[in-house]
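S.K.: Please build the complete structure, drawing on both the sequences and the hints.
If you use my numbering, the sequence shown corresponds to residues 179 to 356, in order.
Everything labelled a hint here was simulated from the structure, so no lab data went into it.
Take every hint as true, because none was put in to throw you off.
Quick list of the computed label-pair ranges, beta carbon to beta carbon:
1) ALA297 - ARG335: 15 to 23 Å
2) TRP220 - ARG335: 29 to 37 Å
3) ARG313 - PHE285: 18 to 26 Å
Where is the CB? At the ideal position from N, CA and C, for every residue including glycine.
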Amino acid sequence: MIGIIGFHRGLLSVKFFSRLLLPRLLLLCLVTAFGVQAEELWGRVVRVSDGDSITVIDAGRKEFRVRLAGIDAPERGQPFNRVARTSLSQLLSGAIVVVQVDKVDRFGRLVGRVQVSGADASLEQLRAGMAWFYRRYEDELPPALRSAYAAAESEARASRVGLWRDAEPVPPWVWRRR
Numbered sequence: 179m180i181g182i183i184g185f186h187r188g189l190l191s192v193k194f195f196s197r198l199l200l201p202r203l204l205l206l207c208l209v210t211a212f213g214v215q216a217e218e219l220w221g222r223v224v225r226v227s228d229g230d231s232i233t234v235i236d237a238g239r240k241e242f243r244v245r246l247a248g249i250d251a252p253e254r255g256q257p258f259n260r261v262a263r264t265s266l267s268q269l270l271s272g273a274i275v276v277v278q279v280d281k282v283d284r285f286g287r288l289v290g291r292v293q294v295s296g297a298d299a300s301l302e303q304l305r306a307g308m309a310w311f312y313r314r315y316e317d318e319l320p321p322a323l324r325s326a327y328a329a330a331e332s333e334a335r336a337s338r339v340g341l342w343r344d345a346e347p348v349p350p351w352v353w354r355r356r
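M.R.: Spelled out as structure tokens, the structure:
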């Protein structure tokens, strides 16, 4: 039986601890180190995975996978996926960003609000019509941001920009269930 620290037959399983548990514990410590306050991560964006996920490298050359809080962009294989990725890439690739880390998701990614040159990357994606406001997690955002994100999505939808040009865009959470 493997316990929380990875004991197996009375010996510490180094493979389990170092490959599976240690990175998650370190991320958890990073996010919770300052109690209720969100942790800030400063770094350069080295990869844009899709319209709502990036990789940031900090000054110590440590890489962090980051999911933009408050939005959900089209998935791979879904219409507008590449366009949403390109949009985020144009905004963030190579840029120095500040991530207000809110939590670590079930995939080990930091989830947070990404700021670049004073702009909120999630809000910019919503304004461009490249993502949905992810209302499932709206309670995790400050009230002012909830209103701004909802308004940006509504304006993009009304203007039929980005993915809202499609007659019936399928939200990513519905696409994933399929």
